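Engineer: Everything in the sequence shown is counted per UniProt numbering, starting at 1 for the first residue and increasing by one.
I should point out that these hints are in silico values taken from the structure, not numbers from a laboratory. Just so it is clear, the structure is predicted and the values come from calculations on it, not from any experiment. A portion of the hints provided could be inaccurate.
Okay, derived cross-link-like pairs now, EDC-like style, lysine to aspartate or glutamate, Cα gap no bigger than 16 Å in a straight line [stated by the list, open to error]:
#, residue 1, residue 2
1, K34, D7
2, K202, D181
3, K202, D213
Derived DEER-like restraints, expressed as beta-carbon distance ranges [said to hold, decoys possible]:
#, residue 1, residue 2, range
4, L33, Q234, 38 to 48 Å
5, F92, G212, 33 to 43 Å
6, T45, P123, 22 to 32 Å
7, P244, G201, 23 to 33 Å
8, P69, G158, 20 to 30 Å
9, Q234, H136, 44 to 54 Å
10, D139, A236, 44 to 54 Å
11, K107, E57, 51 to 61 Å
No residue lacks a Cβ here, since even glycine has one placed at the ideal position from N, Cα and C.
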Amino acid sequence: MSEVTFDWKPGIEEVCLKIKGKERIGIQVPEGLKTKSHEIVTLITKLTGAKVVLWGEPTYGACDLADRPLEEIGADALIHMGHLPMPYHSEFYAIPTFFVPVRHTGKLSLSKKAITELKEILPNKIGIVTTAQHLHMIDLAGKILDDEGFDTSVTTGGPRLAAAGQLLGCNSSAARKLNVDGYLYIGTGLFHPLTVALSSGKPVACLEPHNGDITVADPEPFLKQRYAAMTMAQKAKRWAVLFPTKLDKKE
């Protein structure tokens, strides 16, 4: 398999046109682009003339912003890479925050073999969901699968979601709003498709877009682990309550 690459430069160039004149700019880079951090910081510095502060902590979503700590050290803007904004949160940012999408540059891999496997896993009527990095693959995947006899559909979820078919780890409404019998998830890892499987109770197949591998998002191992933890917790007499600091998770 060839190296997985992501397209980020056009987004940085576009945002930098909007923030010229800022003196100190914070930048959050997703884990998959940490090796490009020096290149990203150098480009922002060149395009804006500003001092650029690279926020080193991991970032896992649009709720995981560093706007407040960066404000405390004098930053007057934040560039957040890899996630789409949560539409109704913009009024809460401590400093002007600009989102740069990061898109997987490879072609969708959906072979005849993969389609045969999907037919064995999924019913005919399915929804297609994915994360921000692979949203541009939904239309093509839907066309291919419709031509193969599937009945596919896509919709936009709740107000936290910026695009049709988009999932968040905490929000699977783009899946649950569909009147379908199963789902295809385009992406890597199990975190997001498990959210769909657990919240819907319907079968979820995963398409790894880089190599075309098909797997099943099986919630049973996760549920067994959860129930085991609950059983052990029944023996506890004293509890610690942990409060998160991330945006919209403080309730």
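Engineer: Confirm or reject each hint.
Structural biologist: Structure-based check of all given hints:
Proposed proximity of K34 and D7 is supported: the alpha carbons are some 14 Å apart, at most 16 Å. Proximity of K202 to D181 is assessed by CA-CA distance (about 6 Å); at most 16 Å being required, the pair is judged to hold. This hinted pair does not check out: K202 and D213 have alpha carbons roughly 20 Å apart, beyond 16 Å. In this structure the hint that L33 and Q234 lie 38 to 48 Å apart at CB holds, the actual value being about 43 Å.
Separation of F92 from G212 is about 40 Å and conforms to the stated range, judged on CB atoms against 33 to 43 Å. Distance hint check: the CB atoms of T45 and P123 are about 52 Å apart, inconsistent with the given range 22 to 32 Å. Range check, P244 to G201: Cβ separation about 27 Å, and the 23 to 33 Å hint holds. Taking 20 to 30 Å as the suggested C-beta distance range, the pair P69 and G158 conforms, at roughly 28 Å.
The beta-carbon spacing between Q234 and H136, approximately 47 Å, falls within the hinted interval of 44 to 54 Å. For the pair D139 and A236, the beta carbons lie near 50 Å from each other, so the given range of 44 to 54 Å is met. For the hinted restraint 51 to 61 Å between K107 and E57, the CB-CB distance of approximately 33 Å leaves it violated.
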